[in-house]
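Q: For this one, chain R is given, so just place chain V on it according to the hints.
Taken in order, these protein sequences are the chains called R and V.
Read in order, the letters of the first sequence correspond to residues 1 to 94 in UniProt numbering.
Read in order, the letters of the second sequence correspond to residues 1 to 298 in UniProt numbering.
These aren't lab readings, by the way, just hints derived from the structure by calculation.
One thing to keep in mind: the hints can contain errors.
Claimed, not checked - Derived, one-sided and incomplete: chain R residues facing chain V with beta-carbon distance under 8 Å:
no., residue
1, 5
2, 9
3, 10
4, 11
5, 12
6, 13
7, 27
8, 28
9, 39
10, 40
11, 41
12, 43
13, 44
14, 70
15, 79
Note that the coordinates shown come from a computational prediction; the quantities given were computed from them, not determined experimentally.
Here a beta-carbon is modelled for each residue, glycine too, at the ideal position from N, C-alpha and C.
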Amino acid sequence: MAQLEVDLVAADRKVWSGSARLVSAPAADGDVGILVGHAPLLAVLRPGHVKIHRTGAADVDVAVSGGFISVDDNAITIVVDSAKLDVSILPAAH
Amino acid sequence: MAGNQRVYKERIKSTQSLKKMFRAQELIAASRIGKARARVTAALPYADAITRAVSAVSTHSTVQHPLTSERRGNNRVAVLVIASDRGMAGAYAASAIREAEGLITRLTEQGKEVALYVSGRRAFAYYQFRGRPIAGSWTGGSDSPDAVEAEEMADTLLAAFLADDELDGVGELHIVYTQFVNMVTQRPRVIRMLPLEIVDGVTPVGEAETLPLYDFEPSAEAVLDALLPRYVRSRIYSCLLQAAASELASRQRAMHTATENAEDLIRMYTRLANQARQGEITQEISEIVSGADALAAS
Numbered sequence: 001m002a003q004l005e006v007d008l009v010a011a012d013r014k015v016w017s018g019s020a021r022l023v024s025a026p027a028a029d030g031d032v033g034i035l036v037g038h039a040p041l042l043a044v045l046r047p048g049h050v051k052i053h054r055t056g057a058a059d060v061d062v063a064v065s066g067g068f069i070s071v072d073d074n075a076i077t078i079v080v081d082s083a084k085l086d087v088s089i090l091p092a093a094h
Numbered sequence: 001m002a003g004n005q006r007v008y009k010e011r012i013k014s015t016q017s018l019k020k021m022f023r024a025q026e027l028i029a030a031s032r033i034g035k036a037r038a039r040v041t042a043a044l045p046y047a048d049a050i051t052r053a054v055s056a057v058s059t060h061s062t063v064q065h066p067l068t069s070e071r072r073g074n075n076r077v078a079v080l081v082i083a084s085d086r087g088m089a090g091a092y093a094a095s096a097i098r099e100a101e102g103l104i105t106r107l108t109e110q111g112k113e114v115a116l117y118v119s120g121r122r123a124f125a126y127y128q129f130r131g132r133p134i135a136g137s138w139t140g141g142s143d144s145p146d147a148v149e150a151e152e153m154a155d156t157l158l159a160a161f162l163a164d165d166e167l168d169g170v171g172e173l174h175i176v177y178t179q180f181v182n183m184v185t186q187r188p189r190v191i192r193m194l195p196l197e198i199v200d201g202v203t204p205v206g207e208a209e210t211l212p213l214y215d216f217e218p219s220a221e222a223v224l225d226a227l228l229p230r231y232v233r234s235r236i237y238s239c240l241l242q243a244a245a246s247e248l249a250s251r252q253r254a255m256h257t258a259t260e261n262a263e264d265l266i267r268m269y270t271r272l273a274n275q276a277r278q279g280e281i282t283q284e285i286s287e288i289v290s291g292a293d294a295l296a297a298s
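Extracted from the complex, chain R is given alone in its bound form (with noise of 0.2 Å):
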């Protein structure tokens, strides 16, 4: 099955990049949920946290600050002002 190519980019570094099955993201209208074949979106993010669902591995929850997802062709890039990746599952996901 097609994956989702995502890049979570923050002003300074590369926070995260890999392939995921279902990514859920803080939108400002409400959270939304992106699975492969999204149609195209450009959203304004609130504070919260982007839940990114991998097959095979630990799920990656970052904490961001506010920013925009943009969802084109099966790429999501998530574009955050500041970024927290959550350490406790980080190990598993290596």
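A: Using the frame of chain R, we list chain V on its own:
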């Protein structure tokens, strides 16, 4: 004569200590420059993502935004000068300031009033010494700028741009910074940041590739509202990072030259000291010989 020798010895000693200082500065700059360049590279994904998104919005909607439209009836313009906090970097700060002065002269000739914003103690001191009013200044982090500082600068400048015309609003924003081309070349540059020109130049979309029709959430205006300040922020941040890399590169080069010059000086003074010593010995011998001659003749 003995005095001469002492003077040369003293000069050698002081030049040697200067040389050590120059060498240390060179090594510090050399060790930091790798990091600075890595930070320039690390900030690229963010800038790319923002630029792509901004061009996507601007090709798919005809939304007018205050940040992209020219403002009429305001002849105040903001100039942000990015220079270093410390000297010992050759002509780095001086050439950035010279570029800024050229820009300010040009703008003044066009009948505009310049509001100065400076980053870096060197630039601040330059304008303060000349009694020029400074609208805003940031000092202390010129060789390792962080995103928070860039955000603060961008917010101040954006606030000035969006402020009321009559009070302290500005109609344009120019940035003077030093572009890091490579380790040998750093070029002072002027860019006009605001009002933004997005559509041309920055769109990295190929001929065959068309951007998809985006859904905007909550609306194209709101997305643009969120995007453009971030775009400005990321541009200013990248200017600061490039300026920092340039500063370190010019410092390394200047200090390398200074170390070599100090070595040359030490060599020269050593020769002169040797000459003085030799002259002294010759004089003593000739005094003894002439003394003995005088005694023998009497």
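Q: Hints first: check each against the structure and report whether it holds.
A: Status of the hints after comparison with the structure:
{"no.": "1", "hint": "5", "in the structure": "13 Å, violated"}
{"no.": "2", "hint": "9", "in the structure": "4 Å, holds"}
{"no.": "3", "hint": "10", "in the structure": "7 Å, holds"}
{"no.": "4", "hint": "11", "in the structure": "4 Å, holds"}
{"no.": "5", "hint": "12", "in the structure": "5 Å, holds"}
{"no.": "6", "hint": "13", "in the structure": "5 Å, holds"}
{"no.": "7", "hint": "27", "in the structure": "6 Å, holds"}
{"no.": "8", "hint": "28", "in the structure": "5 Å, holds"}
{"no.": "9", "hint": "39", "in the structure": "6 Å, holds"}
{"no.": "10", "hint": "40", "in the structure": "4 Å, holds"}
{"no.": "11", "hint": "41", "in the structure": "5 Å, holds"}
{"no.": "12", "hint": "43", "in the structure": "4 Å, holds"}
{"no.": "13", "hint": "44", "in the structure": "4 Å, holds"}
{"no.": "14", "hint": "70", "in the structure": "5 Å, holds"}
{"no.": "15", "hint": "79", "in the structure": "5 Å, holds"}
The structure does not agree with numbered hint 1 stated previously, though it agrees with all others.
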